[in-house]
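The lines below spell out each chain.
4 protein chains.
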Amino acid sequence: MSGTERVGVALIGLGGAVATTAVAGMELLKRGLTDTKGLPLAGVKDAGLVDYGDLVFAGWDLYDDDLAKAARNHAVLKESQLAAVAPVLGRMRPWAASSNTDFCRNVVGHSVKKARGLRAQVQGILDDLDHFKKEQRLDRVVVINVASTERPVDRALPQFATPEAFDAALDANDKNIGPAMLYAYAAVSTGTPFANFTPSVAADVPALLEFARRNGSPVAGKDGKTGQTLLKTVLAPALRDRALYVDGWYSTNILGNRDGEALNDPASKASKIDTQGAVLDSILGYKVQDHIVQIQYYRPRGNNKEAWDNVDVIGFCGQPMQLKINFLCKDSILAAPLVVELARTLDLARRRGEAGVIEELGCFFKAPMTRDGGTPEHSVPEQQRRLMGWLSRECVKPVTRTERLRGQA
Amino acid sequence: MSGTERVGVALIGLGGAVATTAVAGMELLKRGLTDTKGLPLAGVKDAGLVDYGDLVFAGWDLYDDDLAKAARNHAVLKESQLAAVAPVLGRMRPWAASSNTDFCRNVVGHSVKKARGLRAQVQGILDDLDHFKKEQRLDRVVVINVASTERPVDRALPQFATPEAFDAALDANDKNIGPAMLYAYAAVSTGTPFANFTPSVAADVPALLEFARRNGSPVAGKDGKTGQTLLKTVLAPALRDRALYVDGWYSTNILGNRDGEALNDPASKASKIDTQGAVLDSILGYKVQDHIVQIQYYRPRGNNKEAWDNVDVIGFCGQPMQLKINFLCKDSILAAPLVVELARTLDLARRRGEAGVIEELGCFFKAPMTRDGGTPEHSVPEQQRRLMGWLSRECVKPVTRTERLRGQA
Amino acid sequence: MSGTERVGVALIGLGGAVATTAVAGMELLKRGLTDTKGLPLAGVKDAGLVDYGDLVFAGWDLYDDDLAKAARNHAVLKESQLAAVAPVLGRMRPWAASSNTDFCRNVVGHSVKKARGLRAQVQGILDDLDHFKKEQRLDRVVVINVASTERPVDRALPQFATPEAFDAALDANDKNIGPAMLYAYAAVSTGTPFANFTPSVAADVPALLEFARRNGSPVAGKDGKTGQTLLKTVLAPALRDRALYVDGWYSTNILGNRDGEALNDPASKASKIDTQGAVLDSILGYKVQDHIVQIQYYRPRGNNKEAWDNVDVIGFCGQPMQLKINFLCKDSILAAPLVVELARTLDLARRRGEAGVIEELGCFFKAPMTRDGGTPEHSVPEQQRRLMGWLSRECVKPVTRTERLRGQA
Amino acid sequence: MSGTERVGVALIGLGGAVATTAVAGMELLKRGLTDTKGLPLAGVKDAGLVDYGDLVFAGWDLYDDDLAKAARNHAVLKESQLAAVAPVLGRMRPWAASSNTDFCRNVVGHSVKKARGLRAQVQGILDDLDHFKKEQRLDRVVVINVASTERPVDRALPQFATPEAFDAALDANDKNIGPAMLYAYAAVSTGTPFANFTPSVAADVPALLEFARRNGSPVAGKDGKTGQTLLKTVLAPALRDRALYVDGWYSTNILGNRDGEALNDPASKASKIDTQGAVLDSILGYKVQDHIVQIQYYRPRGNNKEAWDNVDVIGFCGQPMQLKINFLCKDSILAAPLVVELARTLDLARRRGEAGVIEELGCFFKAPMTRDGGTPEHSVPEQQRRLMGWLSRECVKPVTRTERLRGQA
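Line by line, the protein sequences are chains A, B, C and D. Take the first sequence: its letter number 69 is residue 68 in numbering that gives the first Met the number 0, and every next letter is one higher. Take the second sequence: its letter number 82 is residue 81 in numbering that gives the first Met the number 0, and every next letter is one higher. Take the third sequence: its letter number 264 is residue 263 in numbering that gives the first Met the number 0, and every next letter is one higher. Take the fourth sequence: its letter number 42 is residue 41 in numbering that gives the first Met the number 0, and every next letter is one higher.
Don't read these hints as lab results, they were simulated from the structure. Don't take every hint at face value.
Put simply, identical chains are the same to the list, so a pair is met inside one copy or across any two.
Claimed, not checked - The calculated lysine to aspartate or glutamate pairs, modelled on DMTMM-like cross-linking and capped at a C-alpha distance of 20 Å, are: (1) Lys133 - Glu381; (2) Lys77 - Asp65; (3) Lys77 - Asp246; (4) Lys113 - Asp289; (5) Lys133 - Asp34; (6) Lys174 - Asp45; (7) Lys323 - Glu376; (8) Lys113 - Glu376; (9) Lys77 - Asp34; (10) Lys286 - Glu163.
Given the structure is predicted, the values throughout are model-derived calculations rather than measurements.
With the rest of the complex left out, here is chain A (with noise of 0.2 Å):
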């Protein structure tokens, strides 16, 4: 059933738990070896997507190692499943990355862009995106930052408002440009789509949502939509269809891998934990007076994640009750498959000719961009209607290479 449509999917944090794990399922999926559960959109059909037997991988890391090492390192898959897909993932390996210890303190690699200056850095990702394009005769790119997460960035500097800022900035060797921006920018230069996997800031702010919108690239952010925020999400609208008043939601997170780790640089934890802030309120229409998320790197937990949450609410003649949940989870397991979701979403937008953000896809995020930087959608069920409305729309069919290579004919 598969096109011979070829979409590149180019991933900042390649070597990573979300990024292999994208990687080796589909190829797993490819040989049949395993079925299409936890891929949201695999039920979509005659929207437009391509196959997801068309995605063909590849990205940057800091970390050089092939992806077989990589995978194995993770431990998110089974022992099995490594070994079947391991002859493929060991023939793949990161190109350099752009690095900045300044945004990311605890996640030190070696495979560093050598290019001096932001601006050689951008043609340095140009580059490889050229390079993938030409290798791999790929019809199309997409590029999805899931890097380990950046400290916070002010979104409300000068040189982040326009386009003619930014590349001011950027020739200026800007010092608040951090390395999501540089790929940010390159893609959206381009007309590439784009979407931020993570809490960083890459492409949200106006400067390169406006240059997105004159290239012509979709994008989408930002912060993955996973584990515990996703069933904050999916409970809060109905506390708030049944009238029960949140007094209190405590959240606690222990996870044990890379990012774990990263997340006790107390800035990008920062950055973590102010995106869930909003959320909980926005849907539920008043602040919660008590709303508690705690992160914390917890290694036997390892690639695994766990949330705990309680939430304290008020019913009926202003009794007490308490829900409490447990979700033992595998943050990788349940990333990867949006990841690849939005690979196949943003080619479509980019097929449909819409451009700028895509708001409809903001069910895959914590905190979705919005098209004029005002509130976005956060109940699970709004964003899921969103979505599918949105995929419903009148369809541009992927024109298959065979196709488009006889019209050239």
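For this one, chain A is given, so just place chains B, C and D on it according to the hints.
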């Protein structure tokens, strides 16, 4: 803001925890001693719902304790709240109830209608409603069943197929007609709205639904959706949308009130568990192989209720994850406001001229009735969307008593 | 440090999850592929216990799969662990077992002893043990029952009262004698130590205990204390010591292995739940009014086991508090090392000349047998203290095979 | 059954939740309105402990609300219980307290001893005790600290090394001497038993312990062991005995009372968390690599307290298992009876002529003090065994007031 309409709410099981909580809560609200937390439709304006203050409560019970005493025994509300409404509740005493120990073995009260034969029982119920209307100078009445669960009945029996067959069965004192059916018959025979908040079979047989349509009686049911099933139908749509395959769902409940004791009768229990059966599969779109529901009487929980759910899901690449939910809730606190909203919405339906099953009230029920006996919608977000749509339809303003009297003049 | 003693461990239910885990684990330990974590007596020195490396395993099962295949099916250990021991386990195949479907309905295997009549069955068991000793050049043997639970038997029957009565019943092929009793009889008749790790009735009838004392056979049982009961008997003494009154204890278990399926047979289940009955009351010193234990077969849990306990306690001034425990454990991982330690301690008891019930091994059991049939100690701390005391008594050093051979020279 | 002894219990922090609960509870007990549930030594007979009815309460606080008002604010007990003892508690008002905002920043009350200088403060405390004894015609007095946690102090300072150095420091108004030390000094200087139920540094410096021995003052402390640490020290010995290796232990606490607010001061919090640090390692015999303890102020929990613990253990063959414990408890309900028992046991120690640290009372504390500053026993079962042994030693019967008066005559 209260009009001068007076809508009677006749509750079957008036002395029970749910009913006394509803009555006490409405009294506290009138006195400004509590707010509208927990009342799902408190925020709905301009839909034509009567005010909370317009509701007047009465009803039947097998125990004839006055409501102050009954409420104190149930100990759902705080001592100080009970004290505040004791003077009013102390003057309220349930009417003698229709009883049939064959249908509800573990609940044996002594305030029983003495009339011989089913016809006479029905007449007694009608007399109660007439007396209620006159004495309280009511504009309209709604009947809602919140009594203990009766044993299952075969709804496909020929005597339940048509109004005529049912009438004949009534005359013959057919043993398959339980008390809940008698109340339902009495209500729909007079065009009175009827809701069944219990899993018992009441109006949900073809005969009575047809009878309701003929007589202009709006009907809703059955089995109030409060604790565990509410959560289940909130979470399941999200699991489906994220393509997280439910490999198993183990639900256990502990509850310590009179309902719990009734459930120790295996027949009543079967009826209750059965209700949960199809719900999950219907939302997910496949049969959950291991869906286990346990309901256990456990004295120390008292009138509170506790649910523990373990959900095993399979995600991307066949990886298992677990979700555990512990809900420490109060059945009556969750149920009572739904009963109140059912009274308001069914009254609205009656004024809007709607008859038969009002499907849009499905969000209040574990086993929503459908107009054509088809599969109901169980997803909470979708049910909520339908309810909101129904409420926002061209509304029929309640004519206030004053206006009506003026009109008569 | 290993001596040259060789102690055979003949397991009833050799192909089961517990037994295969014990066998595989000991092989991994010998090869240095695992350490002694989980082995309670690994730290005990100078008590005269034989080394782990001195144990030689064999046994009976109704399924005749070789142990490598059986272990792979149970999937208790990691793929790589199973692979490491597959060559050894692949050569081990259970002996045909004594079977009686009346005693264990849901487990139907095909490797059944063909001997007609109970006497012949016993003789078959004895022949197996003899053959085992000779073939493996064993110094001594211990028999341990880890088979699926059999249905309850009335231990007060006259045929179980004395060795003579039992002998007569054997000759008469009495239908009340189940397979576990046959193994127990065979063991104690030859002075062989016997442990019953299941709730089945085996040696725990007066006839066989007397027989054991006469023949010098140490006996221990019954029903291995692993997950929920272990926790219960750890927590209860503390609650007692803090005077926190247990108002109710609700325990639910979900498990998905062959044992779980056996429990779907109500008779076997009754036997298992019954075991937990008196434990709590015995520790607390009063009858817990609401002590509910549920055991539920739940396929998705596989060979793992999960317990959820809710404890309602009443403290100072009658104030209620709640304690909830969720134990995600692996039955075989908890049970297998206890089986190993039982083999070592019973062998020690035999060498020390102790016969009949060895009460000091009570910490390993849910329903510890007592010498006089009196109430056993259930408190884990107290049981542990007694075990340590027993181990530190003047020990009888095991004579190593080398020394013995030398002595014989 | 009550004797005619009168033992005064002077509580530092009398207006707090623990103290008011202790006082109210003892009053309820005297009146027969509650029973001895929750009082650990209620069942101990013939050990020479004074009766509960013989205790007379008073004490200091920075807030001078009468105890009826204070208890109502804490809302630990039921409305009806508070009402029953309001007449008595309403007449009790705390004495002005020694205060030092440098030691306890977040708790600022206004009922402060006006005396200038540390010596004068001590004298004020002694005057209070004298007055208490005379006014209430007490036989003996015990002083117990249940005030909010003070910031940590360096116990190795030279001024804390000897009684003489301490005296000099007192004269010099040394800034390292906090309020808790002043109370401790006053108590031990007069041979009065002193217990420290908080993590503050009080008598646990060499100077004051030596002083206590010289003056015959029995001392106990520190930091009452109630919720999470209690469970931890109950479970850890069992995990050790079963050789289940603790790979990680993640503990989080939410609490909403004045103590919780005090903990929002990082200095006080450090002191509290520190206390838990060595406990686990000491029981297990190895350092738990990932032992994380979080204490979080969370308003909705009110005076209740909730702990969630996740324990990762490694069992046989390196297999991981998880244990999760959710304790919904009431800090004051657990703490108050321990305070009462400390009063009774320290009074017994005084009569038996024991001075200095009474190690056998270690079961009441998170950080038990030891005679020689060595490592304390933390295992609950072992602590309990020692306490029982201490209580069963040749007891010194309390001489009743009647007998004493007779003797004087």
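Hint-by-hint comparison with the structure:
1. Lys133 - Glu381: Classified as neither; 40 Å inside a copy, 47 Å across copies.
2. Lys77 - Asp65: This pair counts as within: shortest intra-copy Cα distance 18 Å, inter-copy 25 Å.
3. Lys77 - Asp246: Intra 42 Å, inter 18 Å, cutoff 20 Å: inter-copy only.
4. Lys113 - Asp289: neither (47 Å within a copy, 38 Å between copies)
5. Lys133 - Asp34: neither (30 Å within a copy, 53 Å between copies)
6. Lys174 - Asp45: Result: close neither inside a copy nor across copies, 46 Å intra and 55 Å inter.
7. Lys323 - Glu376: Neither, since 25 Å and 27 Å both go past 20 Å.
8. Lys113 - Glu376: neither (41 Å within a copy, 58 Å between copies)
9. Lys77 - Asp34: within (15 Å within a copy, 23 Å between copies)
10. Lys286 - Glu163: Result: close neither inside a copy nor across copies, 38 Å intra and 57 Å inter.
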